[in-house]
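Residue numbers (my numbering), protein chains in the order written: chain V, 1 to 376; chain Y, 377 to 451.
These are computed hints drawn from the structure, not numbers from a lab. Keep in mind that this is a model prediction, so the values were computed, not measured. Hints may be right or wrong, so weigh each one.
Claimed, not checked - In silico lysine-lysine, DSS-like type, Cα no more than 25 Å apart, as pairs: (1) V:LYS78 x V:LYS100; (2) V:LYS101 x Y:LYS402; (3) V:LYS100 x V:LYS336; (4) V:LYS42 x V:LYS212; (5) V:LYS214 x V:LYS87; (6) Y:LYS422 x Y:LYS449; (7) V:LYS300 x Y:LYS449; (8) V:LYS78 x V:LYS109; (9) V:LYS313 x Y:LYS449; (10) V:LYS109 x V:LYS214; (11) V:LYS313 x Y:LYS402; (12) V:LYS313 x Y:LYS418; (13) V:LYS336 x V:LYS101; (14) V:LYS292 x V:LYS360; (15) V:LYS87 x V:LYS101; (16) Y:LYS422 x V:LYS313; (17) V:LYS101 x V:LYS214; (18) Y:LYS421 x V:LYS313; (19) V:LYS11 x V:LYS292; (20) V:LYS336 x V:LYS288; (21) Y:LYS449 x Y:LYS402.
To be verified - Every beta carbon over 12 Å from chain V, so not counted as near; a handful from chain Y, in silico: (22) ILE385; (23) GLU420; (24) ASP438; (25) ASP441.
Just so it is clear, CB atoms sit at the ideal spot from N, CA and C, and this is done for glycine as well.
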Amino acid sequence: MLYLDYAATTKPTQKVIDAMVATMREYPGNPSSLHAEGRKAKKRYNRAKKRIAEILSTHHDRILFTSSGTEANNFVLKGTSARYPAKTILVSTIEHSSTKKAAEYLEEKGASVRRIGCDTEGYLRLDELERNLREHDVSLVSLIYANNEIGTIQDVDRIADICHTHGAKLHLDMVQAPLHEPIDLANIDCDYASFSAHKFFGPRGVGFLYAKTKDDLDPLIHGGRQEDGLRAGTENLAAIAGMEVALEEAQDLWREREERIARLARHFLAVLRETAVEWRLNGPPLDKPRLKNILNIGLKGLDADDIVFRLDKEGIGISEGSACSSEIIEESHVLKAIGVDDEHIRGSVRISFSHEQDEKDMERLAHALEMIHENS
Amino acid sequence: MPFKKEAVIAKSIELFDDDDPCIIHKSHVARHFVDMVEARLKAEKKDSIRLEDHPDISSFLDIDDPAGVVIRKLR
Numbered sequence: 001m002l003y004l005d006y007a008a009t010t011k012p013t014q015k016v017i018d019a020m021v022a023t024m025r026e027y028p029g030n031p032s033s034l035h036a037e038g039r040k041a042k043k044r045y046n047r048a049k050k051r052i053a054e055i056l057s058t059h060h061d062r063i064l065f066t067s068s069g070t071e072a073n074n075f076v077l078k079g080t081s082a083r084y085p086a087k088t089i090l091v092s093t094i095e096h097s098s099t100k101k102a103a104e105y106l107e108e109k110g111a112s113v114r115r116i117g118c119d120t121e122g123y124l125r126l127d128e129l130e131r132n133l134r135e136h137d138v139s140l141v142s143l144i145y146a147n148n149e150i151g152t153i154q155d156v157d158r159i160a161d162i163c164h165t166h167g168a169k170l171h172l173d174m175v176q177a178p179l180h181e182p183i184d185l186a187n188i189d190c191d192y193a194s195f196s197a198h199k200f201f202g203p204r205g206v207g208f209l210y211a212k213t214k215d216d217l218d219p220l221i222h223g224g225r226q227e228d229g230l231r232a233g234t235e236n237l238a239a240i241a242g243m244e245v246a247l248e249e250a251q252d253l254w255r256e257r258e259e260r261i262a263r264l265a266r267h268f269l270a271v272l273r274e275t276a277v278e279w280r281l282n283g284p285p286l287d288k289p290r291l292k293n294i295l296n297i298g299l300k301g302l303d304a305d306d307i308v309f310r311l312d313k314e315g316i317g318i319s320e321g322s323a324c325s326s327e328i329i330e331e332s333h334v335l336k337a338i339g340v341d342d343e344h345i346r347g348s349v350r351i352s353f354s355h356e357q358d359e360k361d362m363e364r365l366a367h368a369l370e371m372i373h374e375n376s
Numbered sequence: 377m378p379f380k381k382e383a384v385i386a387k388s389i390e391l392f393d394d395d396d397p398c399i400i401h402k403s404h405v406a407r408h409f410v411d412m413v414e415a416r417l418k419a420e421k422k423d424s425i426r427l428e429d430h431p432d433i434s435s436f437l438d439i440d441d442p443a444g445v446v447i448r449k450l451r
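Construct the complete structure from the given sequences, taking the supplied hints into account.
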């Protein structure tokens, strides 16, 4: 299959798999045990945490292992809300569902949550952010740094400056970022950042939260003293070791991979332009700050589920931007928020690729879309 | 097209091992059924087929008596 759904998940590299298997074999102890096997496992755990912190230019005390980016996002929103119940939380209108739904949950419980709009390319309206910070007592601003549907990368320096001027903490959902740019937490002025290993060729079921201070965090799971008492449960040491290796590879190789990805993105759009397909790129153009590997394409007159189905039959795997909510299929809230018209939303699909593809793959996709357009 | 609930669940189990499909899985299953009908129309080079001639298709459609029922291609 021509897999073009890397924003959904990536396949662990051989080095990652080897590290995980070796960890399962060589470190069978519980890191909380005080005997030799336990101490050995604890040392491996600490080594991974220190290495992850080192790669990201931060201190290991600021890293909190979680099961996912979703859990990390929930940690920050729910923790902050519990700590400052009378204050307001700000999120954007284009958040990942983990932030969106956590914010909605908190609202149902009586918390004050406000949403900041974006322009037609998905960039946060900074005047709206500033006005909300001025008019409300805000504890936290939680934003998706690199958008998982349309690729928009926010101007984090300006946003951090605005938030901190008004005394609010800033949380960034950086889940899609580590494959595409260096993550230097010493120079990113955020208070929290969420990461997920399976988005950067690591294993599923493990992620971490960067927290400048853990004072405002509240345990989601109670029990043992793991993760400073904030996340009980025996650590998934093999997954943590796999994440360490994956992050190291991602941050070592991002530049050469990114050059290739940008070239492939340009090539795909150029080939698609030559076809008879009527389409629009949802989100920013390629020359703006954005992930180059996530291309959200709105195809006029087609249905996204039909496109995904037909491409699947052709051996091409992409994604549509919908989510199930009880008995309805919701259209993408992200595309709605940036003002994409209904006809294009219905035909919008997310193509997310990596350095593993080549020009021929991108041509194959463009021609398959042309064929679907012709047969519709 | 009206699909039999049990046929949708059976196909959902085949595709996802999911015996309680959400709306997205149900829609995907429906898309597979529609694709089967489209493929049959294409294979027979016709714009319509008589349901009673295609028991495999009538097996997932919620129609009591397939006699006289015609599935017609609209576009």
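Going through the hints against the structure:
1. For the hint pairing LYS78 of chain V with LYS100 of chain V, the CA-to-CA distance comes to about 12 Å; that is within 25 Å, so the pair holds.
2. Restraint check for LYS101 of chain V and LYS402 of chain Y: the C-alpha separation of about 23 Å stays at or below 25 Å, so the hint holds.
3. As the CA atoms of LYS100 of chain V and LYS336 of chain V are separated by approximately 14 Å, the hinted pair is consistent with the 25 Å bound.
4. For the suggested pair LYS42 of chain V and LYS212 of chain V, the alpha carbons sit about 23 Å apart, so the restraint of at most 25 Å is met.
5. As the CA atoms of LYS214 of chain V and LYS87 of chain V are separated by approximately 18 Å, the hinted pair is consistent with the 25 Å bound.
6. For the hint pairing LYS422 of chain Y with LYS449 of chain Y, the CA-to-CA distance comes to about 9 Å; that is within 25 Å, so the pair holds.
7. Among the hinted pairs, LYS300 of chain V with LYS449 of chain Y is consistent with the structure: their alpha-carbon atoms are about 22 Å apart, no more than 25 Å.
8. With a C-alpha separation of about 11 Å, the suggested pair LYS78 of chain V and LYS109 of chain V falls inside the 25 Å cut-off, and the hint holds.
9. At most 25 Å may separate the alpha-carbon atoms for a hinted pair to count; LYS313 of chain V and LYS449 of chain Y meet this at roughly 21 Å.
10. A C-alpha spacing of about 23 Å is found between LYS109 of chain V and LYS214 of chain V, which places the hinted pair at or below 25 Å, so the restraint holds.
11. A C-alpha spacing of about 18 Å is found between LYS313 of chain V and LYS402 of chain Y, which places the hinted pair at or below 25 Å, so the restraint holds.
12. In summary, the hint linking LYS313 of chain V to LYS418 of chain Y is supported, as the alpha carbons are separated by about 16 Å, within the 25 Å threshold.
13. For the given pair, LYS336 of chain V sits about 17 Å from LYS101 of chain V by alpha-carbon distance, which is consistent with the 25 Å threshold.
14. With a C-alpha separation of about 18 Å, the suggested pair LYS292 of chain V and LYS360 of chain V falls inside the 25 Å cut-off, and the hint holds.
15. Among the hinted pairs, LYS87 of chain V with LYS101 of chain V is consistent with the structure: their alpha-carbon atoms are about 19 Å apart, no more than 25 Å.
16. Distance hint between LYS422 of chain Y and LYS313 of chain V is fulfilled; the C-alpha atoms sit about 22 Å from each other, no more than 25 Å.
17. Between LYS101 of chain V and LYS214 of chain V, the direct Cα distance comes to roughly 23 Å. Compliance with the 25 Å bound is thereby established for this hinted pair.
18. With a C-alpha separation of about 20 Å, the suggested pairing of LYS421 of chain Y with LYS313 of chain V holds against the 25 Å cut-off.
19. A hinted pair counts as satisfied when its Cα atoms are at most 25 Å apart, and LYS11 of chain V with LYS292 of chain V qualifies at roughly 19 Å.
20. Restraint check for LYS336 of chain V and LYS288 of chain V: the C-alpha separation of about 21 Å stays at or below 25 Å, so the hint holds.
21. For the suggested pair LYS449 of chain Y and LYS402 of chain Y, the alpha carbons sit about 22 Å apart, so the restraint of at most 25 Å is met.
22. Listed as outside the interface, ILE385 of chain Y is consistent with that label: its C-beta sits roughly 15 Å from the nearest C-beta of chain V, beyond the 12 Å cut-off.
23. Every Cβ of chain V is farther than 12 Å from the Cβ of GLU420 of chain Y; the closest lies at roughly 18 Å, confirming the non-interface assignment.
24. Its beta-carbon lying about 18 Å from the closest one in chain V, ASP438 of chain Y satisfies the requirement of being farther than 12 Å from that chain.
25. Here ASP441 of chain Y stays apart from chain V, with its beta-carbon at least about 29 Å from theirs, past the 12 Å limit.
Hint violations for this structure: none, all hints satisfied.
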